[in-house]
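Q: For reference, the chains in residue letters:
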Amino acid sequence: DTEVTQTPKHLVMGMTNKKSLKCEQHMGHRAMYWYKQKAKKPPELMFVYSYEKLSINESVPSRFSPECPNSSLLNLHLHALQPEDSALYLCASSQRDRNTEAFFGQGTRLTVV
Amino acid sequence: GEDVEQSLFLSVREGDSSVINCTYTDSSSTYLYWYKQEPGAGLQLLTYIFSNMDMKQDQRLTVLLNKKDKHLSLRIADTQTGDSAIYFCAERGRDSNYQLIWGAGTKLIIKP
Chain C
1 DTEVTQTPKH LVMGMTNKKS LKCEQHMGHR AMYWYKQKAK KPPELMFVYS
51 YEKLSINESV PSRFSPECPN SSLLNLHLHA LQPEDSALYL CASSQRDRNT
101 EAFFGQGTRL TVV
Chain Z
1 GEDVEQSLFL SVREGDSSVI NCTYTDSSST YLYWYKQEPG AGLQLLTYIF
51 SNMDMKQDQR LTVLLNKKDK HLSLRIADTQ TGDSAIYFCA ERGRDSNYQL
101 IWGAGTKLII KP
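These protein sequence lines are chains C and Z, in that order.
Okay, so the first sequence: first residue is 1 according to our numbering, each after it adds one.
Okay, so the second sequence: first residue is 1 according to our numbering, each after it adds one.
These are computed hints drawn from the structure, not numbers from a lab.
For clarity, every value in this text was computed on a predicted model and none was experimentally measured.
Where a beta carbon is used, it is the ideal one built from N, C-alpha and C, also for glycine.
Here are the simulated lysine to aspartate or glutamate pairs, EDC-like style, with alpha carbons at most 16 Å apart:
no., chain 1, residue 1, chain 2, residue 2
1, C, Lys-36, C, Glu-58
2, Z, Lys-111, Z, Asp-83
3, C, Lys-41, Z, Asp-3
4, C, Lys-40, Z, Glu-38
Residues from chain C that keep clear of chain Z, each with C-beta distances beyond 12 Å, as calculated:
no., residue
5, Gly-14
6, Pro-83
7, Asp-85
Construct the entire structure; sequences and hints are all you get.
A: Shown next as structure tokens:
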């Protein structure tokens, strides 16, 4: 099983809403990542968790709040987003944070209205 | 900072070979990757190559690495309509703290 599962697939939220994106993997990977991808652009790294601890935060605004409840789950809590935050949010995992292969989920298409 | 460059578009006829090229600047690069992204979908890892290898073949895919010129290519033999996608080159090295540095992606267009 090389699957990374993200829910929901699509999300529309208002600028005053609070929502969460979820990501799950059962490959025993100990590194998990959040990326943001705008249309026709490469993904941009947001956060890296290694052994359930935040190891990299790429200067992401505090309206994005990651959480890693256990080694299989990764959440991204969203609050007071702006329309320019609309994008595809991708979760990925790898055995370790410097590992060869990173597997990506199908993403959550987020629209902020 | 480190940089990865790719041309934005490639158009080939169905049945021909496609060759997608990538150049990078990180001299400490350890692994180089090719990811495929179909419309509306996530990123699929196609293949990767370790920096001490020159070539890797996997069914219809051939990866060539010229470390001296920092040039990576992906050849897709017998290109099919299902190969239509954006192909991202990415590299990982010490200079990027081992996080992936991505190219802009090459959109592969298949002509019938």
